[in-house]
Each structure stands twice: as C-alpha cells, then as structure tokens.
Amino acid sequence: DTEVTQTPKHLVMGMTNKKSLKCEQHMGHRAMYWYKQKAKKPPELMFVYSYEKLSINESVPSRFSPECPNSSLLNLHLHALQPEDSALYLCASSQDPTRSRYNEQFFGPGTRLTVL
Amino acid sequence: QKEVEQDPGPLSVPEGAIVSLNCTYSNSAFQYFMWYRQYSRKGPELLMYTYSSGNKEDGRFTAQVDKSSKYISLFIRDSQPSDSATYLCAMSNYGQNFVFGPGTRLSVLP
Chain P
1 DTEVTQTPKH
11 LVMGMTNKKS
21 LKCEQHMGHR
31 AMYWYKQKAK
41 KPPELMFVYS
51 YEKLSINESV
61 PSRFSPECPN
71 SSLLNLHLHA
81 LQPEDSALYL
91 CASSQDPTRS
101 RYNEQFFGPG
111 TRLTVL
Chain S
117 QKEVEQDPGP
127 LSVPEGAIVS
137 LNCTYSNSAF
147 QYFMWYRQYS
157 RKGPELLMYT
167 YSSGNKEDGR
177 FTAQVDKSSK
187 YISLFIRDSQ
197 PSDSATYLCA
207 MSNYGQNFVF
217 GPGTRLSVLP
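Going down the list, the protein sequences come from chains P and S. Residue numbers for the first sequence follow my numbering, beginning at 1 and rising by one. Residue numbers for the second sequence follow my numbering, beginning at 117 and rising by one.
The following block holds chain S by itself, in its conformation from the complex:
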C-alpha cells in the first residue's frame, strides 16, 4: 500500500461545478496536510494548509481533514477554467517525512 493515495483522475467538469478531490493515507503520524496546485510546466503552488482534523475555508476552496478515517479532501466551489491544473495533496509529521500524493489532473470546461 502506498503511503498516500489520491483519486487518479483525470477529472473533467463543467464550469461552475463543485469539485471534490480526495486523498487517503496510511501513516497515522501525519499531522499537517497541504494542497498544492500545479499548472503545466510550473512549480507547485501552495493552496491550503491545515493542521489536524476539521475544515478550513479560503474563498472558493475548502480543505477538510478526517484523521480518524485518514482521509483529506479539497472542495472547489464555482469552478473556473483557470482552476484547470494538477492538484497534489501533501502531508508531513513535525517537519519529517514530507510526502506528496500522486496528483489529480482537473479540467474545467467552459
């Protein structure tokens, strides 16, 4: 079993749709959870950063962490064509062992 698994995609949605991106993990020591967005041929850009279980909202983006299920999600409301990118979840424990998920490629169609 991989340490971090992510819905493989690719995912295509119409503009304005709600998008749900998900990751599961096996290491219960992970405490910090991040979502990165990566446009083609660019470096990853940090979108959301959460600590432990709960929800965090930033504009159209909501990050959700359920540590009991070892499951994290990123929701994108009112999706836009500019949201088309690869989304990478990442997680770490106390600065050690920073791990990326494999990524989900999202296309938002106008």
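Chain P on its own, in the form it takes in the complex:
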C-alpha cells in the first residue's frame, strides 16, 4: 500500500460547527504532516508529527487542533472556523524524520473544505 488516504473528500461546515478531517497511511512512515493550500498557491505547512509527537506547529490558530492517535492515523479537528479557512487541506507522510535520506513527502488527495 503506497497511498495516503484522506476523508472526507469534501466538507461544508458552518462557523459554529465542529468537524474532523482524517488521514491514514500504511507505508510505515513515522512523520505525518498537515498542509493548507489556497487556490493557485503552494501548500503551506501547518503541523508536523514525528513518531506520533507534535514536532512543528507553524503558529496555526487554536481553532485547528491536530491529533495523532497512532503511527498510521492523523486527525485535524476543526472548531469555530472562519470563511477564510476555506481551502484544500492536505495530509502527507514521510519515512523517517530523523534520517535525512528519506524525507520525501507523499501526499493524499486532500479534503476540500468550505466554511460558510
């Protein structure tokens, strides 16, 4: 299995809703990432988990809350979002965050989020 999967594919939510995005990989990768991508822009890093521990938080607002229940799963919990948070949310994984040779990242298809 060489895929990163993400659910749901599309999500529409109101500003008072609570929802979660899910990401899964079965490649044995030990680093997982959340990115936000606006139209015609490159992905922007939000969070990095290394060996199931949060290692990087790129000053993301607290209305985004990541969780890594185990080495294969990554969640992003959403609460009280703003319309400007509408974007494509991408999950990625890489083999071993401590070994430089294996840091190429593999991306999932993304969840397209619309906040009304």
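I should point out that these hints are in silico values taken from the structure, not numbers from a laboratory. Owing to the predicted nature of the structure, the values given are computational and were not obtained by experimental measurement. Ideal Cβ positions, reconstructed from N, Cα and C, are used throughout, including at glycine. Where hints are given, some of them may not hold.
Simulated DEER-style distance windows between Cβ atoms [claimed, not checked]:
1) P/9 - S/174: 27 to 37 Å
2) S/173 - P/17: 25 to 35 Å
3) S/226 - P/39: 23 to 33 Å
4) S/186 - P/39: 20 to 30 Å
5) S/133 - P/55: 35 to 45 Å
6) P/20 - S/183: 39 to 49 Å
7) S/142 - P/44: 17 to 27 Å
8) S/174 - P/5: 30 to 40 Å
Over the 10 Å line for every Cβ pair with chain S, so calculated as not near, a few chain P residues [what the hints assert, rightly or not]:
9) 57
10) 64
11) 85
Starting from the structure of chain P, add chain S where the hints point.
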C-alpha cells in the same frame, strides 16, 4: 527575497515540445530537491527526487541540480496533454525546513 522562487508561468507549449521548468533558492543548506506535479483539485504527486548536484532521469523527465548556482530544473521531453498541471519544486535540509516553490502552471496543447 523569497527562500524559493520559481518561474511563474503560466506556460503553454504544443504537444511534443521540450519543457523546462526552473527554480532558484537562497538557502545553501538545502540538500534534497524534489519536483511535484499537481493536477487541479488533487494532492501533489512526487515526480522526481534528487540529492545534491547532478542529473537524474526517469522516462521523459530529467531533474537537474546545480548547487553552486542554487538552481534546479525539470525537463519534460515529448510533452503530452496529460502533462498539463502545476509543477512545484520543493527542497529541504536533513528533514528540517521543507519548502515549496510557488509553482508553475503548464498547459500542453494538442
């Protein structure tokens, strides 16, 4: 100066043309260089991965890195309409500081 700059495009070429996509960077610590292809409304797909200076070929794609000039290129030979996508360069140093370029949108016209 941005850390990674990329020819902005958009770029339109006829089918069968050779395409050259380029990125420059300012951080001499970058050691690993990647090219991703992203189709509209999809996640980026890793195309090529190179370490340090030199060339790497994979089918119709050749990645070139010149660390002395802080310049990387992706060449696409015999371009096809299916190559129409946004191409993102990316680079990193020892697992830290993974950075994308802004992307170049390519259209290959039949």
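Exercise. Which numbered hints are broken by the structure, listed smallest first?
Worked result: 2, 8
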